[in-house]
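**Q** In order, the protein sequences belong to chains A and B.
Mapping the first sequence onto the working numbering, position 13 (from 1) lands on 13, and the numbers just tick up by one.
Mapping the second sequence onto the working numbering, position 77 (from 1) lands on 1077, and the numbers just tick up by one.
Worth flagging that the hints you see were computed from the coordinates, not collected in a lab.
Some hints here could point you the wrong way.
[Stated by the list, open to error] Keeping only pairs whose Cα atoms sit at most 25 Å apart, straight-line, the calculated DMTMM-like set for lysine to aspartate or glutamate is: (1) B:Lys1105 - A:Asp51; (2) A:Lys95 - B:Glu1015; (3) B:Lys1049 - A:Asp51; (4) B:Lys1049 - B:Glu1066.
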Amino acid sequence: DVKVTQSSRYLVKRTGEKVFLECVQDMDHENMFWYRQDPGLGLRLIYFSYDVKMKEKGDIPEGYSVSREKKERFSLILESASTNQTSMYLCASSKRRHNEQFFGPGTRLTVL
Amino acid sequence: AQSVAQPEDQVNVAEGNPLTVKCTYSVSGNPYLFWYVQYPNRGLQFLLKYITGDNLVKGSYGFEAEFNKSQTSFHLKKPSALVSDSALYFCAVRDYGNNRLAFGKGNQVVVIP
């Protein structure tokens, strides 16, 4: 079974802090994705990566950056957390072609 | 750009009755279509997908979905709902040649005992 793990299930940070969310997958997938999930808005794509050191902006990249130094790991960075970044963050991975994405359990981030 | 519409916020169904969750899509080329389920405080779990071939796709937990190109729909169905099917269901679509999925807003399914 594909396993996608995220570093924290719950995280509480203060406004202005730098926040790192880590995601690791163990199935040698080329593609990795970061989404945020908010009630009534569904899943919105923040960034994705289709190879090591490659990244592309999704629909809502403002306020976020990413890093992919190794194939199995994709990090989401909030340079200066704000209260409107309080959300559920979901990481996913997939093989290169038209395959389904596999999701991690999510990190519920609260910014105070 | 591709998009998905899930017109109902919540679907209520009695246990044992048929369950249908609706999805319509918009893409510029041939669609790749997916259904996912999310239980409380969990990530999304893959249920089934349509890539090509038979319009009726069977997936996990007794779910199936029917691809209808003329109506641009991909409705999720289950013949007999269980209380344990109560969850949030997401439809997603992907354009050919594109690694990105566009998700609908999700449907909350409530199965009443």
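**Q** Determine for every hint whether it applies to the structure shown.
**A** Status of the hints after comparison with the structure:
1. B:Lys1105 - A:Asp51: Outside the cut-off at roughly 28 Å; violated.
2. A:Lys95 - B:Glu1015: 37 Å, violated
3. B:Lys1049 - A:Asp51: 24 Å, holds
4. B:Lys1049 - B:Glu1066: Roughly 10 Å separates the two Cα atoms, so the pair holds.
Checked against the numbered hints above, the structure violates hints 1 and 2; every other hint is satisfied.
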